[in-house]
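Chains H and G, in that order, give the protein sequences. Under my numbering, the letters of the first sequence match residues 3 to 446, in that order. Under my numbering, the letters of the second sequence match residues 15 to 495, in that order.
These are computed hints drawn from the structure, not numbers from a lab. Among the clues, some could well be false.
Said to hold, decoys possible - Think about it this way: if two alpha-carbon atoms lie no more than 25 Å apart in a straight line, the pair counts; the simulated BS3-like pairs of lysine-lysine are: (1) G/Lys150 <-> G/Lys29; (2) G/Lys103 <-> G/Lys29; (3) G/Lys17 <-> G/Lys41; (4) G/Lys168 <-> H/Lys91; (5) H/Lys312 <-> G/Lys150; (6) H/Lys91 <-> G/Lys430; (7) H/Lys253 <-> H/Lys159; (8) G/Lys103 <-> G/Lys133; (9) G/Lys168 <-> G/Lys17; (10) G/Lys430 <-> G/Lys154; (11) G/Lys228 <-> G/Lys430; (12) H/Lys91 <-> G/Lys41; (13) H/Lys312 <-> G/Lys335; (14) H/Lys223 <-> G/Lys249; (15) G/Lys249 <-> G/Lys134; (16) G/Lys154 <-> G/Lys103; (17) G/Lys249 <-> G/Lys133; (18) G/Lys154 <-> G/Lys41; (19) G/Lys228 <-> G/Lys290; (20) G/Lys168 <-> G/Lys134; (21) H/Lys91 <-> G/Lys134; (22) H/Lys312 <-> H/Lys223; (23) G/Lys168 <-> G/Lys41; (24) H/Lys91 <-> H/Lys159; (25) G/Lys29 <-> G/Lys41; (26) H/Lys312 <-> H/Lys159; (27) H/Lys253 <-> G/Lys154; (28) G/Lys430 <-> G/Lys249; (29) H/Lys253 <-> G/Lys228; (30) G/Lys133 <-> G/Lys41; (31) H/Lys223 <-> H/Lys350; (32) G/Lys154 <-> H/Lys259; (33) G/Lys17 <-> H/Lys91; (34) H/Lys259 <-> H/Lys312; (35) G/Lys133 <-> H/Lys253.
To be verified - If the Cβ cut is set under 10 Å, some of the chain G residues that face chain H in the computed set are: (36) Val60; (37) Ser131; (38) Arg330; (39) Asn436; (40) Tyr457.
Even glycine gets a Cβ: it sits at the ideal position worked out from N, Cα and C.
Chain by chain, the residues:
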Amino acid sequence: MNNFVDRIETSFSNVTSRLLELLRADEELIINLKGENSTFTRFNRGRIRQVGEVTDANLYMGLKAGERRSSVSIPFSGDIESDYVRAEKMLLRLRAELQMVPDDPFIFTPIDGPSSYTRRDTSPAPVQDVVARVAATTELAGLLASGPQVAAFANSKGVRHFFSNTSFFFDYSIFHPSGKAVKATLAGQELVEDELIASIDSTLLRLSTLDRPVQRITPGKYRVFLEPRAVADLVSMINWSGVSERAMRLKSSPLLKMREEGWQLSHLFNLREDYTSRRVPPFNELGELSQETITLITEGRLRETLVSQKSSLEYGVESNGAPHGEFLRSPEVLAGSLRKEDVLASLKDGIYLSNIHYTNWSDARNARITGMTRYAPFLVEGGELVAPLEDMRFDDTLYNILGDSLEALTAEAEFIPSTFTYGGRNFSGQLVPGALIREMAFTL
Amino acid sequence: MTKAREILDLLTPPKGADWFSVRYEYKESTWRGFRDGQLQFNNLGVAEGVMIEVFYQGSFGYASTNDLRQTSLREALVRATEQAQLAAKYPLVQIPLGAVRPSSTGAYRSPVITPHSSKKTDEVCELLCSMTNRAKISPKIVTTEASTLFVVTKSEYASTGGADIQQQFTSTTIDLTVTAQEGSEVQKRSLDGFCGLSKQCGIELLDEDLLLEKTERAATEALQLLSADECPTEKTVLLLSPDQMMLQIHESIGHPLELDRILGDERNYAGSSFVKMEDFGSLQYGTPLLNIIFDPAEEGELASYAFDDTGAPATREYLIKDGILVRGIGGLESQYRSGLPGISAQRACAWNRPAIDRIANINMEPGNQSLDEIVSGIERGVYMQTNRSWSIDDYRRKFQFGCELAYLIEEGRITKLLKNPNYRGITLDFWNSLIDVGDAESYEVYGTPRCGKGEPHQSIEVGHASPVCAFREIEVFGGAR
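Chain G with its partners taken away, still in its complex shape (with noise of 0.2 Å):
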């Protein structure tokens, strides 16, 4: 029997209340850094707590503690009851229950091959350290920064309906910064931006000699980048890897498709959206090149699971076929305030937070077309690498993002680096002039644990998965003179 049941099966359900349900989440952390040889931070966490849900008269309230002893998880039904009264009272809308807390059943694990514990804390410090170590190919490399995050949390779902769910989720992270600096020139090169690197899966993920391999690529790179041009400022072709393109499909298609962001619940602070719920089914949001699909069960992907905190079983669906706009990310309760279609997608960061409509595993379909061929069919471009700066409008629409490094293309050749390339667009604009999508060759699966929502703030993990993709016409530009 899971906690959650268990906490359930000991609680009486409240006068009124024609529901309640249970939350439970157990979520072990460790969090370990180096610079420059140097031990920094060895972190562990622990974060155990109960989310009560309850249901009264077409409203929900919830209450939620950490403290586990019977009576305060008596006392955090009576006060979750309090709440859906007080919701009750003043309705946004009134929901059927039914429509929005399923009963599922059910379990999901991620697909772990060693588990984070085969791996003692000095093994992991002496990768890190030799990580760090390993970047000092120059004295112009002036601090190299490397860090672990592991996590493995454990979500069970219980419900007076009957719902039983059973999830755990393992995560690892790996970071890496290598900062060059000539004179007034300081340039900074990643191992595919922020978290970028960040799976479901176990230490499988900590190839020594790949990381190392990768950490003296970067620390070269870095380098190259001090003496390299500055991204010339035109309208051309831009071509972005995967680890831009998880940016620009986070931002400009994930965040713009959230349901309950166009039914307006984040206007005080995460923002709108541009898209009108009748432009489900009608919009052209890019050229026909553009598929984009949730897809819950990609192989290790960082947002990958079988249910969301309502219970709503997750399954795979397109957002955008063919260019056509088809459906959103609007988990239960928003498909039933806009009578949309939607996706398995309400979520909470912890048991401390209510479950909100959350990006998930948000992809782009490969085409067909190798990275040779797309380089070989461009007269001049540029070709952007790794994100390190983003913005956008609170509609979703005017954004602008800047990257690590690019390279200038030449009738059909990669010909030299640049460094401090920007570029921005306007999201519709910028897809329907999508030209080019990389094969499946190119394909690359990232993640990060810190995409920001909801209020109060809540920080959850997605996952973006694309290969490279060409664009036309596209406003690129440099850094300040």
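Just chain H, with the same shape it has in the complex (with noise of 0.2 Å):
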């Protein structure tokens, strides 16, 4: 077990009890927390370039009374006297925050319902040595991230969630001397210095491929290879309020035309949130406990959007524990039935990409991506990878590249962790097979 995570736990308890006590009888309370103590160590070149630890907790108190809520977010720091301390403090600056919002027809309830408790933390072992002395023989540019996070929650009705986990994540791309590279991910509870030392031969074996001539094509549509990684930016996309039930009603779906007017996507693309693996809290900030599975899209069809219970209580539809924001925390596309070892004889002539970059709506109504290609793009000409590809800029819409030119998906899916780290590290991930593309545009 982890002393942060220790600490946080014993205070967390302590405060959200004492806290409850002192609510009038009018008043409801959530609370939410969310910390972690991690390490972060920046490579460039193979060298540390920066290197630190965060030790940092936040919680996030809902009031409400009647029809009116207000909420906060503060420091948290495992001192139980001066969390406690902070904490009574901003509920009674909530409490005169509610003297002046108006009421909120749709405003939350706290739940009644199902607690849970998971703790996966370990005490902090000495992964950044291991790293360093591993990435200093290399060409190597990434971020090692590790240490344990915890999430817990808290409502006046008595519900409990807490969730810990330690865990590490080494994001990582390793440069030719052209300035082309070739990018991996290694994730996961515990480092294992073979499997390190694995990935990155894997990683300088794949570079080896980047000795011949960069070759540049000109814009037209291509039959295409995405790799898992970048099917999973693809979903990312799909995650920018494309499966939100509130996006659908207020018109700002990119998906929209798949609720208004039919349109589908392939037969063959399926999208789920699936909490089984248990790597995600399966709680969100009311406490709900999500459905184990949530299917989305089925045979290319909209099947079920996410629903928050603001939505649920707004548009009269039935939640499944979505979180507020309605976006994706684990999501899954089913694998389909192409098989690794056949992905480039069925591509035959046409691009593989790894990855993609910096994508962005073009024209979100008819749910148009613009992006570019990064790090290994290659051209392959009978089966066979022929040269590294200049960067192209590609424009064109999911309803083709996921719809009518999808033509197949592999049949191993793979774990793209969550390298985000905006404001904190994140738990999320998705499971993502590779997709074979008919015709995908490329523009510049």
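Two chains, each in its own frame: build the complex with the hints.
Now the structure itself:
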């Protein structure tokens, strides 16, 4: 067990109990906590560029009285008395705020339901030196993040959740003298040196394919294979309000035509939320436990959207425990039947993409995406890797890429962990296969 | 005495460490949002913490914590020392302390006329409610969202070398999006793009009459866009408004000039740059009309400051002069590593992140032609306004942008409204096709609190000011068919 998590759990339990005792008869409270004790080791040219440790946790309190609500986030240090003093002061401030806000007709309701408890944290292991030693012989840039993370919940109805996990990710690229690179990510609960060395060796082997001269292709439509990491980037675009019930209602979902006009993606494409892996906290910010699986797109048809409690109240539809933002937390694209060893032969003549970069909507109402190739796009001829390619811009719709032009998905899905660290490390990740695309438009 | 100095004084320098610093931050924010007359959120935020940085045998290490008890701070100093020792074992480069951590003293405060506290929660709610209701000028307006973000950040920095800096940043952001729909056509219009209306100021930005007038205009334009023609697909003269120039400057000048990017630090995430070290002083980045300045003192611009987070004093500098690249966006560490001139630019987004090279206030100097003069000189062109989409490659060359609306220019006159305008290009070709730069009349100051970079990730505020600008022979196109 980890000292940081112990401290946070003890203080959270103590502070929330005392806070809930302060509530007035007409008040209800939800409390969330998120924290981490992470080391971040940043590499360039195989050496350490910046290195340090972050100890951070934040408490989020949402107070409700009648039809009014307000919320606050404050630092949470694990020192019981200073945490309590700060939280108590904020409770008073929230009360004052409630006097000045209008009623919310779709106000949240603290749930009365099951609680959960998962502790998978461990004492810190000396991963930094191991990785630094192995990386030092390579032309590598990347980030090693490691340490425990914690999420917790309590409400005035007695629901309690706690989730902690110690994990790491090592997200890196090794560079060829040409400037091209191969990217890889190693992640898990425990870093094993042999696995790290195997990952680096595999990346170096792929790097050797970049020894060939870089070629350029002209704009046009090409047959394409997208590795799982590139497919994950397309799923991230779908996650940009794509399957949110609220976004559908407010006409801002890029997949709106699937709801309003019956447009479809390929019958090969199936997307769901899957919490059975237990990688992410199963509860949302209202303490609701999500369904184990939520099937969103079945054989290309929009079947369900992510519905939060607020959307349920506002639009009269049943909630499926989605978070307030109605974003995917543990998405899975179901695998297909194309075996990994048959990919190049099936691609035959086209472009092999390991990654895509900086995607954005060029026409959201038609789910049209623009983005760039990155790292090591390859020209394939006769089922053989021929040459690395100069980076190209693509501009095409999801209704084509994952729709009319989706020829096959690989039989092997890969877990792509989230390396998102804005505001703090993330628990989530995606399980996705690779995709063979009949034609995709490249423009520049 | 600042809190940073107080903390520094109670800590004993660790054995073997040559120097350490304390950066303390306290931030209060309030974020309120309305949709169609209903409150969506009223969130208060408090963040407080400390970063301790230690220098050991040519390398830095840090430890940051929000536990401000003495015991915890002492532990953080020990951990920062351990991190610095690890860095010294596998250093990318060994840096002389004196070159990168000056012993500056001083202060800065944002120009605030009326503090946030003078506008009560209910007054802000009433304004936001009014704005969303004002937009409902037709049943085709399906939804309107409006929000405000008020932030006050106290940032203090002290070091055993004698640095002692105190800065307080106050910012206000107001955001509005109006969505209109007719059949399968959906169009949105905002106030100057996502968080584009962000300034260092108090509530003086919340001019109710002006905001309601802008809301009504946004709603009117959203409706007009429903029946507008698609932007044509052609190579033509492109005129950009300041609220699109903001993103153009940001993505294709700001980021490529970051020295840490040129040095390869960002290659695994945000990318590299097509700019090479030998380009400084000689590369023709754009036509002689292109003059780009780093201006840390532009009144009210979002990323104004007196010192960066290493203590380097901020002074106004040209980055591009008469089209020639002269200086990079790099703080003292990058300047030492590259041997190139830079600016005071090494900043952290919060107490729990280390300082790295960041875009700050990067502005285009105005020219001497009015908007009317520029338009009257265009035989055929497209005038695009307000960014809604942005994408660029990891070397900052091939970009594509989308805007909320555009107008066709024919024979020197603005003729008709166009929807779904996009354009693409290659950075150096683009800036070398700059043909007109507007005068001070069209110069506007924008900013966004959401520029992302770094590993671990950091989102920070940046500012961009520009007049209208025209470019020749740019590939423009409309929406999907």
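Original post:
Hey, H/Lys312 versus G/Lys150, does the alpha-carbon distance stay inside 25 Å?
Top reply: The given pair, whose Cα atoms are some 23 Å apart, holds under the 25 Å limit.
Subject >> Pair hint outcome, G/Lys17 versus H/Lys91 [Cα-Cα no greater than 25 Å] >> reply: holds (21 Å)
Subject >> Proposed proximity, H/Lys350 with H/Lys223 (alpha carbon, max 25 Å) >> reply: Between H/Lys223 and H/Lys350 the Cα gap is close to 15 Å, so the pair holds against 25 Å.
Original post:
Are G/Lys168 and G/Lys41 close enough, with their CA atoms no more than 25 Å apart?
Top reply: Holds. G/Lys168 to G/Lys41 sits at ~6 Å (cutoff 25 Å).
Original post:
Between G/Lys168 and H/Lys91, is the straight-line Cα distance small enough, at 25 Å or below?
Top reply: holds (20 Å)
Original post:
Taking 25 Å as the top limit, are the C-alpha atoms of G/Lys249 and G/Lys133 close enough?
Top reply: violated (49 Å)
Subject >> Satisfaction of hint between G/Lys134 and G/Lys249, Cα-Cα up to 25 Å >> reply: violated (51 Å)
Subject >> H/Lys253 paired with G/Lys228 [C-alpha distance capped at 25 Å] >> reply: holds (22 Å)
**OP:** Quickly compare the C-alpha distance for H/Lys312 and H/Lys159 to 25 Å and report which way the hint goes.
**Re:** holds (18 Å)
**OP:** Below or equal to 25 Å on CA atoms is what counts here, so check G/Lys228 against G/Lys290.
**Re:** violated (43 Å)
Subject >> Minimum beta-carbon distance criterion (10 Å), G/Arg330 to chain H >> reply: Since the shortest Cβ distance to chain H is 28 Å, the answer is violated.
Original post:
Holds or violated: H/Lys253 with G/Lys154, Cα cutoff 25 Å?
Top reply: Within the cut-off at roughly 12 Å; holds.
Checked against the numbered hints given earlier, this structure breaks hints 1, 6, 7, 8, 13, 15, 16, 17, 18, 19, 22, 25, 35, 37, 38, 40; the rest are met.
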